[in-house]
Amino acid sequence: MQRLDCLRAIYSRLEDCLVVTIMGAVAAELHSLGHRSNFFYLQHAMGLASSTGLGLAMCLPNQKVVVFDGDGSVLMNLGGLTTLARYRPANLVHVIFDNESLLSVGGFPTATSTGSDLEALARAAGIARTSTVHAIDEFVRTFDAAVHATELACIVVKVEALGPKSYATDLALMENRFQFQRHIENLKRENLKSENLKRK
Amino acid sequence: MPVSQPNSRVVYAALKSCGIGLCSALPETWLVHLIRMADDDPEMIFLRLAKEEEGVGVSAGAHFAGVKSAMLMQNHGFLASVNGIVSFAQLYRIPLLMVISYRGHFGERDTWQTQGGSSTEPVLRALGIPFAFLDDPEKVARRVTEAQTLAYSRLHPVALLLTRELMWEES
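In order, the protein sequence lines correspond to chains A and B. When we follow my numbering, the leftmost residue of the first sequence carries the number 1, and every step to the right adds one. When we follow my numbering, the leftmost residue of the second sequence carries the number 1, and every step to the right adds one.
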């Protein structure tokens, strides 16, 4: 199973979510499917995509937040799983693409290649809704259920260690950052408007 | 415990008057009262972290969501957060308000704090992070406000160092 196919299969479901990705292949592949202003690609700071998702989810409890993480990044912030479990935001879906490799630096194997089990780690951290998926239809089903659930979910997606030729995109980091923030401002403004209308 | 409760209250009040809606923290002796105040405050989103660096991501998420935040940590927690500060907050121009207990400096009795104590200011300077000391309760409110103002006008991390003078009542 390839990560790009997984992303393609659920791309249309991301329209109403706030999406945070890690750097490298995940960012480049999601971007290649069509950038949206609700996507933020964290192009460094490995490990902090899930923490960013946590901050977003805690501050915007009515907004679905999806984090696309990777095994290398999660292994750099394993404690973050315990923080997610502690506050268990019901509006957060944590997807971890596990290719058992630090692909963007040449494909060095990570500890998941020698048996470390990220789903088991997430569950042991205290996250109740966890799964590991190996096929696209299984991933789509699990992702859909997680997005519609009102419970923190962690989905480990076992994928091949394959990525795009280049990780460069034509989207400047700053452009992405301000666009994403503006997107949320607009969302909040629209929500406020519709609440006011309801009150009238 | 001789951690100053009145001065902790002054610091917390200053954070509240700046509109801080989210605090992340990792417990440390000087922060006990501040952490309890944040935890007891129903208006505050309060997150206890496993490692301080997570707070950089949390604060960035809060910033994108339009919520003002503060990170409460020991200077060793700041040292442990440097990659997040550089490759997220500085790279992406995220305003961070870091409230750092300045352990290991003059008056420190715990040997294990002393190395970090002498590295704190040099590292802040090396990173180009503006910082100021919270030492006089009379000046806390203004300094906190001004630190936050600079963080937002420059879109950059700033640090406030909680000093022994402010936080510790010598017995």
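Just so you know, these hints were derived from the structure itself, not from any lab. One thing to keep in mind: the hints can contain errors.
[Unchecked claim] Label pairs and their in silico Cβ distance ranges:
1) B:130 x A:113: 41 to 49 Å
2) A:195 x B:43: 16 to 24 Å
3) B:150 x A:137: 48 to 56 Å
4) A:200 x B:66: 18 to 26 Å
5) A:35 x B:66: 16 to 24 Å
Treat the numbers as computed from the prediction; the structure is a model and nothing was measured. Even for Gly, the Cβ is constructed at its ideal location relative to N, Cα and C.
**Study point:** Outcome for the supplied range 41 to 49 Å, where the beta carbon pair is residue 130 of chain B and residue 113 of chain A
**Key:** Between residue 130 of chain B and residue 113 of chain A, where Cβ atoms are some 43 Å apart, the hint holds.
Review point. Quick one: are residue 35 of chain A and residue 66 of chain B within 16 to 24 Å, going by C-beta?
Key: holds (22 Å)
Check your understanding: Falls inside 18 to 26 Å, the C-beta gap from residue 200 of chain A to residue 66 of chain B?
Key -> holds (24 Å)
Check your understanding: When you take the CB atoms of residue 195 of chain A and residue 43 of chain B, is the distance between them in 16 to 24 Å?
Key -> holds (20 Å)
Review point. At the C-beta level, are residue 150 of chain B and residue 137 of chain A separated by a distance inside 48 to 56 Å?
Key: holds (52 Å)
Checked against the numbered hints given earlier, the structure satisfies every one of them.
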